[in-house]
Amino acid sequence: MNRMRIALVAAVALALVLGCRTVRIQPRPPIAVPSELTLEQVELAILAAVANESPAVAITPGSEGSVARIEAAKIGALRSQKPAGDGWFPESIEPDAIVATFQKAHFSLRVRIRYTQYEVITEILDSRHLKQSRSAIHFRAIEWLEELETRIRRSLGALAVLRSGTGIEDPGAMLD
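First residue of the sequence shown: 222, per the working numbering; consecutive thereafter.
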């Protein structure tokens, strides 16, 4: 009976240690931006990635895209913010940066997504219930950030393909 208690306590302690694992916060590698895209299209591709939607609303094959449509897409992305629930949502648009938040249950992660016409760089701003210190954070936060970076890469690529007019009818399908 005593052995079972010791084994149970050890199993619970191991689960707590593994469940609360933190990793070092490292500078994120830059994401290359396809040369065909304008700065406005880069911004729109990022907003589409944050919202997990197709960037196709910004541009039609062979066109330059319209400022009005890009602005409408930005406004639509901000209107679709969800203060509660799981997933990423845009929080604010700054000059050459977008602040986005990931929420899952009572956990949250805020990041700034800086962009130029050549690269996109993400950085962790703060978090809630993710054991963040100056140099470490819960490993799930890095997984969520990597998922967002993958979506940004796909969104940039899909928009570049659409902009080039290569004949792909639904570049948004590339995001699935």
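For the record, the hints were derived by calculation from the structure and aren't laboratory data.
Quick caveat, the model's predicted, so the values are computed rather than measured.
Heads up, some of the hints might be wrong.
[What the hints assert, rightly or not] As a list, the in silico DMTMM-like pairs of lysine to aspartate or glutamate whose alpha-carbon atoms are at most 20 Å apart:
hint, residue 1, residue 2
1, Lys325, Glu315
2, Lys325, Glu261
3, Lys325, Glu368
4, Lys325, Asp307
[Said to hold, decoys possible] What follows is a set of in silico ranges between Cβ atoms, one per label pair, in the way DEER data are often shown:
hint, residue 1, residue 2, range
5, Phe328, Thr371, 34 to 42 Å
6, Ser313, Arg224, 32 to 40 Å
7, Pro251, Gly308, 40 to 48 Å
8, Ala357, Ser256, 32 to 40 Å
By construction, the Cβ of each residue, glycine as well, lies at the ideal position given by its N, Cα and C atoms.
Against the structure, the hints come out as follows:
1. Lys325 <-> Glu315: Distance ~24 Å between lysine 325 and glutamate 315 Cα, so the pair is violated.
2. Lys325 <-> Glu261: violated (30 Å)
3. Lys325 <-> Glu368: Satisfied, since the Cα-Cα distance of roughly 14 Å is no more than 20 Å.
4. Lys325 <-> Asp307: This hinted pair holds, its Cα atoms lying about 4 Å apart.
5. Phe328 <-> Thr371: 34 to 42 Å: Given a distance of about 20 Å, which is not inside 34 to 42 Å, the answer is violated.
6. Ser313 <-> Arg224: 32 to 40 Å: violated (56 Å)
7. Pro251 <-> Gly308: 40 to 48 Å: violated (24 Å)
8. Ala357 <-> Ser256: 32 to 40 Å: Because 37 Å falls inside the window, the suggested range holds.
Violation of the numbered hints given earlier is confined to hints 1, 2, 5, 6 and 7; the remaining hints are satisfied by the structure.
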